[in-house]
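Peer 1: What follows is the residue order along each chain.
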Amino acid sequence: MRELMWIALSSFRETVRDKILYTLLFFVLLLFAFSMLLGEWSVFSQQKVVTDFSLGVMSLGGLAIAIFIGVGLIQKEIQRKTILTLLSKPVHRWQFLVGKYLGLVMVLVINILVMTAALWLVLKLSGFPFDPRLLLAAYTTFWEMAVITAVALFFSSFSTPVVSSLLTFAVFLASHLSGGILQYLETMKKAVGKIPGATPLPSYVEWTAKTVRWILPDLEIFNIRSVVVHGLPLPDMYLFWATAHGIGWTVFLMALSSIWFSRRDFV
Amino acid sequence: MDLVEIKDFRKSYRLGIEHGMKTVEAVKSISLSVPEGALYGFIGPNGAGKTTTIKTLMGLLRPTSGTVKLMGRDPLDPASRVQVGFQPEQPYFYDYLTGMELLMFYGRLSGLRGQELSKRIEESCALCKVDASWLSRRLRTYSKGMSQRLGLAQSVLHKPKLLILDEPMSGLDPMGRRDVRLAMLELHKAGTTIFYSSHVLSDVEEVCTHAAMVVRGTLRVEGLLSDILNDPADPDHRQKLEDILAREVELA
Numbered sequence: 001m002r003e004l005m006w007i008a009l010s011s012f013r014e015t016v017r018d019k020i021l022y023t024l025l026f027f028v029l030l031l032f033a034f035s036m037l038l039g040e041w042s043v044f045s046q047q048k049v050v051t052d053f054s055l056g057v058m059s060l061g062g063l064a065i066a067i068f069i070g071v072g073l074i075q076k077e078i079q080r081k082t083i084l085t086l087l088s089k090p091v092h093r094w095q096f097l098v099g100k101y102l103g104l105v106m107v108l109v110i111n112i113l114v115m116t117a118a119l120w121l122v123l124k125l126s127g128f129p130f131d132p133r134l135l136l137a138a139y140t141t142f143w144e145m146a147v148i149t150a151v152a153l154f155f156s157s158f159s160t161p162v163v164s165s166l167l168t169f170a171v172f173l174a175s176h177l178s179g180g181i182l183q184y185l186e187t188m189k190k191a192v193g194k195i196p197g198a199t200p201l202p203s204y205v206e207w208t209a210k211t212v213r214w215i216l217p218d219l220e221i222f223n224i225r226s227v228v229v230h231g232l233p234l235p236d237m238y239l240f241w242a243t244a245h246g247i248g249w250t251v252f253l254m255a256l257s258s259i260w261f262s263r264r265d266f267v
Numbered sequence: 001m002d003l004v005e006i007k008d009f010r011k012s013y014r015l016g017i018e019h020g021m022k023t024v025e026a027v028k029s030i031s032l033s034v035p036e037g038a039l040y041g042f043i044g045p046n047g048a049g050k051t052t053t054i055k056t057l058m059g060l061l062r063p064t065s066g067t068v069k070l071m072g073r074d075p076l077d078p079a080s081r082v083q084v085g086f087q088p089e090q091p092y093f094y095d096y097l098t099g100m101e102l103l104m105f106y107g108r109l110s111g112l113r114g115q116e117l118s119k120r121i122e123e124s125c126a127l128c129k130v131d132a133s134w135l136s137r138r139l140r141t142y143s144k145g146m147s148q149r150l151g152l153a154q155s156v157l158h159k160p161k162l163l164i165l166d167e168p169m170s171g172l173d174p175m176g177r178r179d180v181r182l183a184m185l186e187l188h189k190a191g192t193t194i195f196y197s198s199h200v201l202s203d204v205e206e207v208c209t210h211a212a213m214v215v216r217g218t219l220r221v222e223g224l225l226s227d228i229l230n231d232p233a234d235p236d237h238r239q240k241l242e243d244i245l246a247r248e249v250e251l252a
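Chains A and B are the protein sequences, given in the same order.
Note that the working numbering has the first sequence beginning at 1, numbered continuously upward.
Note that the working numbering has the second sequence beginning at 1, numbered continuously upward.
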């Protein structure tokens, strides 16, 4: 277990000193500042617009970090051949992979803290109070980032950086959209019986949407933006199930990545 | 006891779609063993299969067929590497770590802690001529020669029983080559078994006790260096490795 800790610490050190992290963080903070302007222009409640937009930026910032840093985490080691020296030490390949992942998770925690502090500042500057429930949204965003990073790591354990980035983005998009598509299909089904002339969609559309929902992690479970922004109650045990979903998918993806990775040749 | 045992080792790669998924045989047939206490030179022209063999020994590649054993174990088992030090060809390190952070990291992964680790870092750096002032610098500022020396220092941190070096002198100036050669001799004198690949045949002739020659993925010559250099036609005449290599390349 100590090996895991040393690899995680070294990965954390290497990542926090990488300029790309600060470039990404800079753009995220810039968008936070933009949310203040957006709030002023909007015809809706300024506080809700600022909060909703900032939480959305937080989630997209996490996606950007997962793609730009998560995908490169292993690929950089392989391309730069630093992996050769590290794997020549008495460590298992899964320890290397999980250690690298944990190092990036430490960076994600710091990012979330910085972004939450920025949200607090934006709200304060706009003259709005900081709703403590925003911390819950930050917490679920952390899990979304952790799962997306595990997805990125999974793809990068067997494919090129460009393909891994595209696949990670596709998973993010498909996962967030599949729930909405299923809801739309449900509404369409009901409409068919009630509206004359309405034709049902082919069954394979529903089948595909359901399959996507089942085989991909449900990232929408981590999206509690509207609940927090509009002050709605969260169902009982929601955070528990969201956390379990995050842990479950992370463990599953890391296990799959480790299996792929352990069979790989490092030419 | 043999610390390295390779029997009928063969390794082939499948090329990507852009190359029509062709299979390339990097190593056709290699069998050799490295006895404890040897200073073993592994030589051959570029593309002969030396690095492929060394990477397989370190568990970085899987053999297509044959048996490869490191310290009596399967190289994929991390336990086989506990008493082994390794320096890859032209070692690359993490840009944003300092030399000291890197040595601490690798030392800890090799099982060293606290005072012992600090002491071993000092000793290894002295042996490999790594200047103490370099250690506070980030690795991205290191020259090729500095990286090579640091690479050697990290490989000997835990006083390995077996040291495997892939072209340890590549990219070094004459002084650097001399320093690495002296460090290897000192380690060997202290009881470390060394297996290293090299293009510098004169060095192998000068320092090695054993040697193996690979040409186009096939082992051509192996054994005690004194036996290899002995000319069977004339017992008083010592052959040169360069001539033997040229002959074997022609025959292969």
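Since the hints were derived computationally from the structure, they do not count as laboratory data.
Just so we're clear, the structure is a prediction, and the values are computed from it rather than from any experiment.
Heads up, some of the hints might be wrong.
With a Cα cut of at most 16 Å, we get these calculated EDC-like pairs of lysine to aspartate or glutamate [unchecked claim]:
#1 B/28 <-> B/8
#2 A/81 <-> B/89
#3 A/210 <-> A/220
#4 A/19 <-> B/95
#5 B/69 <-> B/8
#6 B/144 <-> B/173
#7 A/76 <-> B/95
#8 A/81 <-> B/8
#9 B/240 <-> B/186
#10 B/144 <-> B/131
#11 B/240 <-> B/227
#12 B/69 <-> B/173
Peer 1: Please go over all the hints and tell whether each is borne out by the structure.
Peer 2: Now the hints, each set against the structure:
Distance check on the hinted pair: residue 28 of chain B and residue 8 of chain B sit about 8 Å apart at the alpha-carbon level, within 16 Å; holds. At roughly 10 Å between alpha-carbon atoms, residue 81 of chain A and residue 89 of chain B fall within 16 Å of each other, so this suggested pair holds. Of the pairs offered as hints, the one joining residue 210 of chain A and residue 220 of chain A holds, with about 14 Å between alpha carbons and a cut-off of 16 Å not exceeded. For a cut-off of 16 Å, the pair hint linking residue 19 of chain A to residue 95 of chain B stands: about 12 Å separates their Cα positions.
About 12 Å separates the Cα atoms of residue 69 of chain B and residue 8 of chain B, which keeps this hinted pair within 16 Å; it holds. The hinted pair formed by residue 144 of chain B and residue 173 of chain B meets the criterion: a straight-line CA distance of about 10 Å does not exceed 16 Å. This hinted pair checks out: residue 76 of chain A and residue 95 of chain B have alpha carbons roughly 11 Å apart, not beyond 16 Å. At most 16 Å may separate the alpha-carbon atoms for a hinted pair to count; residue 81 of chain A and residue 8 of chain B exceed this at roughly 28 Å.
A threshold of 16 Å between alpha carbons decides the hint, and for residue 240 of chain B with residue 186 of chain B the separation of about 25 Å lies outside it, so the pair is violated. In summary, the hint linking residue 144 of chain B to residue 131 of chain B is supported, as the alpha carbons are separated by about 14 Å, within the 16 Å threshold. Under the criterion of a C-alpha separation no larger than 16 Å, the hint pairing residue 240 of chain B with residue 227 of chain B is consistent with the structure, at around 12 Å. Our distance criterion of 16 Å between C-alpha atoms is broken by residue 69 of chain B and residue 173 of chain B, whose separation comes to about 34 Å.
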